[in-house]
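Visitor: Given the structure of chain A, go ahead and fit chain B onto it with the hints provided.
The lines below spell out each chain.
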Amino acid sequence: MKIEVRHLSRIEGHAHLVVDAEHGEVRECRLEIVETPRLFEGILKGLHCTDVASVVARICGVCSHSHSLASLAATEKALGIETSEQTRNLRRLLAYGEIVQSHLLQLYFMAVPDYLGAPSLFPLAAARRDLLLRALRLKKLGNDLCQVVGGRAVHPVSLCIGGFSSLPEASPLQDLRRRFVAALPDFEATVELFARLEIPAFERETEYLCLQEKGYPLFGETLVSTAGVHASVAEYRSVLSEYVVPHSTAKFARTKGKSHMVGALARTRNAFAALSPMARTVASALGFTPCTTNPFHNLQARLIEVVHCVEESIRLIDRILADGLRPEKVQPPQGGGCASAAVEAPRGTLFHSYVYDDRGRLEQADCLIPTAQNLANIEADLRAFAPTLFPLGREEFTRRLEMLVRAYDPCISCSTHLLRVSFV
Amino acid sequence: MKPRIGFFDFTGCEGCQLSVLNLEEEFLELLDLVEIAEFREVMSGQTDSLDIAFVEGSICRPEEEERLRAIRAKTRTLVALGACADTAGVNALVRFRDAHQVRRHIYGDDHPHLATDLPRPLSEVVRVDCRIPGCPIDGREFLDVLQALLMGRPPELPSYAVCVECKLAELPCTFDRGDICLGPVTRAGCAAVCIAGGDRCRGCRGLIDTPRQAPYWRILEEAGLTEEEILKEFRTFNIAGKGGR
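These protein sequence lines map, in sequence, to chains A and B.
Counting along the first sequence from 1, when you hit position 297 you're at 297 in our numbering, and nothing is skipped either side.
Counting along the second sequence from 1, when you hit position 227 you're at 227 in our numbering, and nothing is skipped either side.
By construction, these hints were calculated from the structure, which means they are not laboratory data.
In this text the structure is predicted, and so the values were computed from the model without any measurement.
Beta carbons are placed, not taken as given, at the ideal position from N, Cα and C, and that holds for glycine.
All the pointers check out, no bait thrown in.
Some chain B residues near chain A, calculated using beta-carbon distances under 7 Å:
{"hint": "1", "residue": "V42"}
{"hint": "2", "residue": "L93"}
{"hint": "3", "residue": "V94"}
Just chain A, with the same shape it has in the complex (with noise of 0.2 Å):
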């Protein structure tokens, strides 16, 4: 039996998943990642620090703060610049807006539909109305989120090094808080929905890895894996090794030597005593076990984690109405350095790392997407995966191998975009 999935679709980005099995063995399982090389690193050549949050925000609609944040972080670092407590509150504010948007976008855009058994989420719009507007609704609130803070909902124009070009007001602020409460019901329907989903048996162990930081990772000086990875951010290019593969325009990384995951079931394990109060309760609802060793419960940990960023927004939007937004000067960013940073972006955790020289300009710059991490784990899973299907028949085997890759939720456009470089 040999399947070839072109440009499998509900992901972000394009790729093809290649199998190969014949009696009951498994001779190849590929996903191949066709998506076009935009060497964007050759692109960020020369600029000035100033343009660099704005164009690295390109590489990926999905997560464009993320990005934005990852690499502001890294300059500020490399130029010795330093935050204020409410610049550090909002972006915060920011990175929880981002990650409930992207994972409702994947929880039921991309992944609902397979457990539905439609191809996607439109021919339900008569049928199923109340899901689809449910779905619209909640999504609707990060990208308000991201909106109000960032100052539009893809691609920020808000962000500054060093801070804020444009503060919120206080009033879309209070706004959200209200429909962020408001919105609880829409979250306990969606947790029913997601508790009944028939989430496929299988369990293979792997290494989780993210960052650490006093509460629930999100931004974070410390790289925590379960196999024991213990290091700075400084570090993390001795951590974690990229190599390139034939079948993919992507780079592949891998701890020493090994397959390792990222992204919200990493986090949800390695730091399930740090979720709010009303996550943990959404996690026993969903019956998730912060050991488990199934990939598929990414979409459980996914929503546990947008429950989190709900009930965190909520408090820190209180938290800074109550401190009060004052416009803060910014001083304009001079001379150069070094230094790599990482953020908790919604698939994991994204580094960037740059060298300025002394005029503020890009000399290089050493970016690790968090698709590029899970790319190995996602295609040893499948190894794994495959062969207990086989009696299935082929329609089943090819569906259940699709709902195993977009499990991951991986981001193509990502992965293929910013990779490792050094200039000469």
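Guide: Just chain B now, with coordinates in the frame of chain A:
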């Protein structure tokens, strides 16, 4: 029968398709007016014929050319969705680097499967009937263009510059705070969103039809920019020619 529309993407970030999905409530109303027959990012399956195809991304490889031609062949109206499809957008910046050398630096060796041609807008490969500019597109403008197409009239884009929208919004002039701004020559339609956010206009929507080139270059020169620096401004989103000069 409802008109059948499709969404497609090539080399880009899929942020324009996402901006369509982000219309949320209006998107649902859209489903009453049209049938979404193909949209790989959020649906499975393909179709043989379409009334309108919205195509995002630049064309960089022979396989992409082939796929775009096939889309052209099955659709009545083809719309370039966003800057990458319309002008090649930020992708085109790679033209100013040695791509072979960049690939070697990124991937170690220059493997044949990584080869690409220079990023091109759709119109260099197939006939494009109309376009929605911007990086990303503005959802309102997408609805305007779709409405015009559904009513059988040619869609119109604003013929005036971002500067006009900026003044109407009473935003302080970017030049006054010492920053460079492409607002005076860039096509309006974005409500000057970047300037409202405290950033500057980088020209993602492309030039207006008759930009006043000479006076604008004089302003840039007065702001202390060299010719190379001025060209660099125009290159971010690959604005045509020598930036209107």
